[in-house]
Amino acid sequence: MTGFTKNPDRDWIKQRLIISSICVLFVFALLFFRLVYLQVIKGEEYRLQSEKNAVRLKSIKSSRGLIFDRNKKLLVDNRPSFNLKIVLEDAGDIKKTVKKVADLIQVPFDELMEKIAQARKRSFYKPVTLKGNISRDQLAIVEAHKFDLPGIHIDIEPTRHYIYKKSAAHLLGYLGQINSKELKSGKYPKVKSGDSIGRYGIEKSFQKFLQGKRGGRQIEVDANGRIIKVLKTVEPIAGLDLNLTLDQSLQKTAEKMLENKDGSVVAIDPKNGDVLVMASSPSFDQNDFIGGISSKKWKKLISDPGKPMNNKAIQAEYPPASTYKILTTFAALEEKYIDINTTVYCPGFLKYGNRVYRCWKKPGHGEMDVISGLAQSCDVFYYQAGDKIGVDTLAQYAMGSGLGKKTGITLENEKKGLIPTSAWKKKRFKESWQGGETLSVAIGQSYNLVTPLQMAVFIAAVGNGGTLYKPRIVKTIEDSHGNLVKKMEPEITGGLPASKETLDLVKVALLKVVHGERGTARSIRLKDVEIAGKTGTAQVFSIKKGEKVETENLEYSLRDHAWFVCYAPAQDPVIAVSVIIEHGEHGSSAAAPIAGALIEQYTRNYMIKEEIME
Amino acid sequence: MFDRRLIENFDWGFVVLIFLIGMVGLVILYSALTAGHEASTVHILFKKQMIWMGSGFIIMMIALLIDFRELDKLNLFIYALCVGLLISVILFGQLGGGSRRWLVLGFIRIQPSELMKIALIISLASVYSNSVSQMGLNFRKLIKPIILCVIPFVLIVSQPDLGTGLLLLLIAASITIFVKVEKRVFYTLTGICLSAIPLVWFTLKEYQKSRILTFLNPDRDPLGAGYHIIQSKIAIGSGMLTGKGFLKGTQNALSFLPEQHTDFIVSVLAEEWGLVGCSILLMLYFILLFWGLNIAYNCRNMFGSILAFGVTAMIFWQIFINIGMVMGLMPVVGVPLPLVSYGGSSVVTNMVGFGILLNISMRKFSSN
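Residue numbers (my numbering), protein chains in the order written: chain A, 136 to 749; chain B, 428 to 795.
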């Protein structure tokens, strides 16, 4: 211990402390003189400035980036909206002024006063929005009486506009005003209170590209709040534009065919994972959200049993039904439980233990091999295959094919579906797996759940020879002058767990689904394009043994879901489609025609384009 | 353990001084709060600040109980504990305003970077009290102190909280220069610091660069810091000699001032109480700092002297940076004004500091 009672260091340290005190004194003198300079020497000047403090800040909103489809067709832009504002400090007799305005634009006086009451505690100098988005007539009349209305001015602000009402609403999303919690979170560093941020879809996922940067002005105003002079301006920077992979005209076709139905359509380019169509029905009008949706409209939207606010393409999970048989075929062929020569006799049912598992075709299919079994969707063939494969091996193949996990599309709240395993059931229900359940899994009818997007990625991979792509929705990001900022490259997430021989066999069978004599989707054949696909009918309601129910009498909500997944042209596909129609009953009649129409339109346009290219 | 001499030596004057500054602070805070908030909110915030001051006072009293020389023995333990807290704040800290500064322990939130200031002062005082000499310290003796500084600095800057990090370095530098380093060492270290400036520049966040550039040229950011400084100067200047009167500040009431209840609170004082009010506060602060140095002067124990100096330096830098910034003498940095600005963790840290000063003061006659 260095005590220093008798230490010469002590005097030395004391000396340094005295020097320190002098330093402090010096700094305080500096602060004091600065105060004297500001408060006495320049005091008069500053006092005057504070009395007429006429320098205001006026923020200039940046315009949000535009959104185009793959053919550079404009989908979302910004339109000017006129907002009526008041600066209270300049308004003189506030009540009188507001009364005048209310009479002029024919809006209840109380409504305007309420806006002021809400904003009053903030600041006297900051403009308060009296009424947003006024009409041209209201604008004209206010402008005409401008000099009678102290403190009132009109602000022009860019407002989001969705050109195709209700179209691709789930994909594009909408905006909402940022709330104080989000402001505090630090996630939106460039956003100020009163700004709108993306709340859903692409508007949300690509917020940081779309938002741009606010600008502003320092302005000097006169006693009535009118601008005398702009002192300084910082120009806003516009947000970046997005070029989507979406094909608007194809999207429109899909939506038209989905009208008055519940369901979803997804179309993908099998060569790179580009999302050509992503439709979900029922839809909503994004323009309703501009400037805040009314609570009445919101309540209506969220209480609708068709769930219009859900993007069914990525958020709705359905049993894959017979479309899953493609996967069971992979497992059976790869694990060598069957080969091209294996045949099974289908009498219309299979006895398993003391239960009878029925084939959808009551009289039975007769002798089935792997190609006819898949093409005609024979349940008995797949009961037998599934029983040999076992649930856990099947699950491995499903996971390897991209099911049971998110596709990774850049949209929020994507669901991952469900691929059951014996371990999962033990955990979930505390029961062991029953052999009979494997039979149901093999035909996609048990606990399995998939999203329409997952099935689109899957069938696209079947078509392109086994490559699983991450679905891409934005192709390129450009600045407002058209300079490329970012290019999203196609991303491969894996490969199907199937050899070329297996895939070729499956592809032959899928072609027969449409073009074979007994295929389940013969009705959608096109003249010059070969389509390969698979239908599915997902049971919502399981019919008990021996019970006979006529489907026409079945309540709507208990009717089966209709699936169709396909790609075309069969040899070198340029489009893959996945369609689900809730309660559509039969894949062949409810879902397949939609896919057929999309393929017809797309391949026709595609060929024209190819010709031009040549 | 608690002998009579301790009570006899208790520094009542210092406590009265802290109390006076605290009162002045509450008066200004009340003005500042009324401007930006509704009556009920003012009430809540004001009460909160009173509670913090009350608990700060209790913590100050607790800091009195243990002989400050125990801190010398425990210095490494305290230091390690605070570094541990800093690491855990990076791992599990609560996000606020884009950085992780807060650690939530049950119902209390602590800001370990604040506690670190005290811990570092204690550690440096402990190291230097054993190595100090009139010749000044050489490089070899500075290795340990430098390591002690760099670890918390890196941790705090990565939160990121550059302001507190730099404050930490300023405090450490003051203590080091106070105990004297060799001339050669002094020039080398100054050289290193100066040449590090361009390096630091590139690690700064965009808004930090902008604040510094704006200080050099207020026209650069006319919508942000530039505007705030202009308005703050108008507020201070317009107070003139005697001020506009309590609750009568127009710059304050009309929200021209940014953060008027935390970082810019001096502008409110200057506007409403004028040069007279400001001089009183400056005088009180000066007495406080002088008192702190006097405690160092009278202490017969080297560790105690350096510790008292370190705590005083901590208070000094906060006052100087805050007031300097508000008057446009320095770039905008978020450093609260001791005992006046709104905010709990600053109150608590400073009260711990005052507790340590009182502690040294009442044990000044014990040398070992």
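By construction, these hints were calculated from the structure, which means they are not laboratory data. The structure presented is a predicted model; accordingly, all values stated were derived computationally and were not measured. Accuracy of the hints is not assured; some may be wrong.
[Stated by the list, open to error] One side of the interface only, derived from the structure: several residues of chain A facing chain B at Cβ under 7 Å:
#1 W147
#2 K149
#3 V162
[Stated by the list, open to error] Below, computed lysine-lysine pairings styled on DSBU-like, alpha-carbon distance capped at 35 Å:
#4 K319/A x K387/A
#5 K475/B x K322/A
#6 K632/B x K327/A
#7 K675/B x K177/A
#8 K235/A x K196/A
#9 K343/A x K500/B
Note that beta-carbon positions come from the ideal geometry of N, C-alpha and C, so glycine has one too.
Exercise for the section: Mind listing which of the numbered hints don't hold for this structure, in increasing order? Expected result: As far as the earlier hints go, 4, 9 are violated by this structure, in ascending order.
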